[in-house]
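The chain contents come next:
2 protein chains.
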Amino acid sequence: MSEAPHLTFDLDEPGMTKGYLVVPKGADCEALSLPVFSLNRGEGPRLLITGGCHGNELEGPIVARRLVEWLPEAQTCGRIIIVPVLNPPAVQAWSRNTPVDGLNLNRVFPGRANGSVTERIANAASRLLLPMADTVFDLHSFGPTWDFPPATTTHPIADPALMAKTIKMAEAFKLPMTLVWESVDTAGMFDTLAQNQGKVFVCPEFGGGNVNSEALVIYEAGIRNALIALGLVGGKAEYPTFRQRKSSQTLETRRSSDELKSPAPGIFEPRCSVLDEVKQGDLIGTLYPMDSLTADSIDIRAPGTCIVYAIRSGAHVNIDEGVALVARPLIR
Amino acid sequence: MSEAPHLTFDLDEPGMTKGYLVVPKGADCEALSLPVFSLNRGEGPRLLITGGCHGNELEGPIVARRLVEWLPEAQTCGRIIIVPVLNPPAVQAWSRNTPVDGLNLNRVFPGRANGSVTERIANAASRLLLPMADTVFDLHSFGPTWDFPPATTTHPIADPALMAKTIKMAEAFKLPMTLVWESVDTAGMFDTLAQNQGKVFVCPEFGGGNVNSEALVIYEAGIRNALIALGLVGGKAEYPTFRQRKSSQTLETRRSSDELKSPAPGIFEPRCSVLDEVKQGDLIGTLYPMDSLTADSIDIRAPGTCIVYAIRSGAHVNIDEGVALVARPLIR
Chain A
4 MSEAPHLTFD LDEPGMTKGY LVVPKGADCE ALSLPVFSLN RGEGPRLLIT
54 GGCHGNELEG PIVARRLVEW LPEAQTCGRI IIVPVLNPPA VQAWSRNTPV
104 DGLNLNRVFP GRANGSVTER IANAASRLLL PMADTVFDLH SFGPTWDFPP
154 ATTTHPIADP ALMAKTIKMA EAFKLPMTLV WESVDTAGMF DTLAQNQGKV
204 FVCPEFGGGN VNSEALVIYE AGIRNALIAL GLVGGKAEYP TFRQRKSSQT
254 LETRRSSDEL KSPAPGIFEP RCSVLDEVKQ GDLIGTLYPM DSLTADSIDI
304 RAPGTCIVYA IRSGAHVNID EGVALVARPL IR
Chain B
4 MSEAPHLTFD LDEPGMTKGY LVVPKGADCE ALSLPVFSLN RGEGPRLLIT
54 GGCHGNELEG PIVARRLVEW LPEAQTCGRI IIVPVLNPPA VQAWSRNTPV
104 DGLNLNRVFP GRANGSVTER IANAASRLLL PMADTVFDLH SFGPTWDFPP
154 ATTTHPIADP ALMAKTIKMA EAFKLPMTLV WESVDTAGMF DTLAQNQGKV
204 FVCPEFGGGN VNSEALVIYE AGIRNALIAL GLVGGKAEYP TFRQRKSSQT
254 LETRRSSDEL KSPAPGIFEP RCSVLDEVKQ GDLIGTLYPM DSLTADSIDI
304 RAPGTCIVYA IRSGAHVNID EGVALVARPL IR
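Those protein sequences? They're chains A and B, same order as listed. Each residue of the first sequence is one higher than the one before, counting from 4 in this note's numbering. Each residue of the second sequence is one higher than the one before, counting from 4 in this note's numbering.
Pulled out of the complex, with its shape left as it was, chain A reads as follows (with noise of 0.2 Å):
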């Protein structure tokens, strides 16, 4: 191993700072610079937001280059670091997972310092960010071939104060949808990292694949209502318009039976709108068999009362694999 993991500035400066995070050169490539700007009035609360962890969801790295245009005026106590890329690699491919090692960033924290880069990324983030935050935004989107409104998430957490503040942060975004993730595949997430250690992380999910500017005004009002929360900036909160609506809402889903599955393979339709509520019969979507003389459409319907939150568009599906999520109110 050529160097440690390293910061080319001091985050403790006052006021607007800038310059790199340096992930170490390794086998597989060289030396990653990550831009990083740390905005510092003092005492207040510490908030990391990080972008571009997977290479695909482009909105956040937006969104976060945004933030560092106005937050520098608007700001008035507390700490602020924005990394508007954890995974250049990745965003330079239009890639979920980083194309050199094929890990997938949000599955290694904390990382390795002489793992592969996907690995020593998490270890630079998690040595040198993470201690700096209470509080972590990470900015993901729900990628192609998916429709998804735009939401924070957080998966259920032991800790019930901790639970209920993440819940609470999650809120204040006022984005459409609040979504409680019951998740079986959490080991390494970035997010487990920071709750393991008492901070409030929440992952705002940035709509489908495709960058608008409709959708980035949503998401830049949400995270301005966050910090509005937190005390960081002035202002009002507002809810943001989505689809002629003007409101927010708490579910809770669990990943595995939560999830409509393809009973074949095949074209999938969409036949409903995420955030449609429907009952036990509704039709979610229409299934095309393409290799049959005789295969008729497949009409998949809701199996009970809940809320669409998430559905395919535009892509062949096996069997078996997930055509629509969904969810119901969150009971606390």
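No lab work stands behind these hints: they were computed from the structure. Among the hints, erroneous ones may be present.
Where chains are identical, the list cannot tell them apart; a pair therefore holds if satisfied intra-copy or between any two copies.
[What the hints assert, rightly or not] Okay, derived cross-link-like pairs now, SDA-like style, lysine to any residue, Cα gap no bigger than 25 Å in a straight line:
#1 Lys-28 / Ser-295
#2 Lys-21 / Pro-268
#3 Lys-21 / Asp-299
#4 Lys-171 / Gly-234
#5 Lys-171 / Arg-304
#6 Lys-249 / Asn-215
#7 Lys-21 / Ile-301
#8 Lys-249 / Ser-276
#9 Lys-264 / Asn-59
#10 Lys-249 / Val-281
#11 Lys-28 / Leu-196
#12 Lys-168 / Cys-275
#13 Lys-239 / Cys-275
#14 Lys-28 / Asn-107
#15 Lys-264 / Glu-217
#16 Lys-249 / Glu-217
#17 Lys-249 / Arg-304
#18 Lys-21 / Ser-300
#19 Lys-249 / Cys-275
#20 Lys-264 / Arg-49
#21 Lys-282 / Gly-191
#22 Lys-202 / Trp-97
#23 Lys-28 / Gly-325
#24 Lys-282 / Pro-17
#25 Lys-21 / Asp-294
#26 Lys-282 / Glu-217
#27 Lys-239 / Asp-137
Starting from the structure of chain A, add chain B where the hints point.
Using the frame of chain A, we list chain B on its own:
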């Protein structure tokens, strides 16, 4: 070579019949059986409708299947052959090119009987389907990471009579845009082969990468309008509604000079909508370079008066990669 490409049924049978177009096996994969639907009402126009040439353009296969449901009742004369999926290995992989040999089916026509699988598909279609038709609708989509209005496209054709006939057919879809697209890369296209045989060949280009119900309604309406114009079904053609407008315009574009390119690597955010008319200096989009601390965002502006007909959304672009395509009204 084990066998010749063949149909498992007789296309000359009256009424609706169905069977497979068998593409023989080769060194690279087993034989393929492509579902084919034949609707024979005797004398009249002879139309071939194909979908799924590119595997990540899935509106075409769905609309083609839907036609099979209602056309047998509605058709009044002539012959229609429908092949919802021309390239099953590509559709199953949601991949533009065929994964087996990496080839673009729409660049290998007329194919080769003893070639790789993509060439064998082209050969089978050229020999057994194309001779049955005097008009071809090849159903494409613009693919992921672009926004594109429902449209029909054609390329400049040397024969002025065939060009005029082709534009008239393309306009009969009454979709928001009819585009004459000067392309430098026409060798091996299905279009070129058909046009060299004096046939009318139109490509509907069906929006971006995501299939949704609203877009499918527009596309199906466009094909219905074209079937009415051909006299194959009765009824009255109507402009479908696209983004609150019921209208259509015919444009021309040059593939090389009408492409706006990115001045640097970064994430592109569209700042106008497809079919917007812009003047010199109007904002088209904003590029966010992600690798430096000093580079501000870069505005990309219109080079002159033109209509933006395709715009990039949601991908990291390299320097000199296309971010928008523009056109002007067709001069006849």
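Checked hints:
no.: 1; hint: Lys-28 / Ser-295; result: between (52 Å within a copy, 19 Å between copies)
no.: 2; hint: Lys-21 / Pro-268; result: between (50 Å within a copy, 21 Å between copies)
no.: 3; hint: Lys-21 / Asp-299; result: between (59 Å within a copy, 14 Å between copies)
no.: 4; hint: Lys-171 / Gly-234; result: within (14 Å within a copy, 62 Å between copies)
no.: 5; hint: Lys-171 / Arg-304; result: neither (33 Å within a copy, 42 Å between copies)
no.: 6; hint: Lys-249 / Asn-215; result: both (19 Å within a copy, 23 Å between copies)
no.: 7; hint: Lys-21 / Ile-301; result: between (55 Å within a copy, 20 Å between copies)
no.: 8; hint: Lys-249 / Ser-276; result: both (16 Å within a copy, 24 Å between copies)
no.: 9; hint: Lys-264 / Asn-59; result: both (24 Å within a copy, 20 Å between copies)
no.: 10; hint: Lys-249 / Val-281; result: within (20 Å within a copy, 32 Å between copies)
no.: 11; hint: Lys-28 / Leu-196; result: within (24 Å within a copy, 52 Å between copies)
no.: 12; hint: Lys-168 / Cys-275; result: neither (33 Å within a copy, 39 Å between copies)
no.: 13; hint: Lys-239 / Cys-275; result: neither (34 Å within a copy, 29 Å between copies)
no.: 14; hint: Lys-28 / Asn-107; result: within (19 Å within a copy, 38 Å between copies)
no.: 15; hint: Lys-264 / Glu-217; result: between (30 Å within a copy, 23 Å between copies)
no.: 16; hint: Lys-249 / Glu-217; result: both (14 Å within a copy, 23 Å between copies)
no.: 17; hint: Lys-249 / Arg-304; result: neither (28 Å within a copy, 33 Å between copies)
no.: 18; hint: Lys-21 / Ser-300; result: between (56 Å within a copy, 16 Å between copies)
no.: 19; hint: Lys-249 / Cys-275; result: both (20 Å within a copy, 24 Å between copies)
no.: 20; hint: Lys-264 / Arg-49; result: neither (41 Å within a copy, 40 Å between copies)
no.: 21; hint: Lys-282 / Gly-191; result: neither (36 Å within a copy, 50 Å between copies)
no.: 22; hint: Lys-202 / Trp-97; result: neither (30 Å within a copy, 40 Å between copies)
no.: 23; hint: Lys-28 / Gly-325; result: neither (38 Å within a copy, 32 Å between copies)
no.: 24; hint: Lys-282 / Pro-17; result: neither (55 Å within a copy, 44 Å between copies)
no.: 25; hint: Lys-21 / Asp-294; result: between (56 Å within a copy, 13 Å between copies)
no.: 26; hint: Lys-282 / Glu-217; result: between (30 Å within a copy, 22 Å between copies)
no.: 27; hint: Lys-239 / Asp-137; result: within (23 Å within a copy, 65 Å between copies)
Of the numbered hints given earlier, the model fails hints 5, 12, 13, 17, 20, 21, 22, 23 and 24; all others are met.
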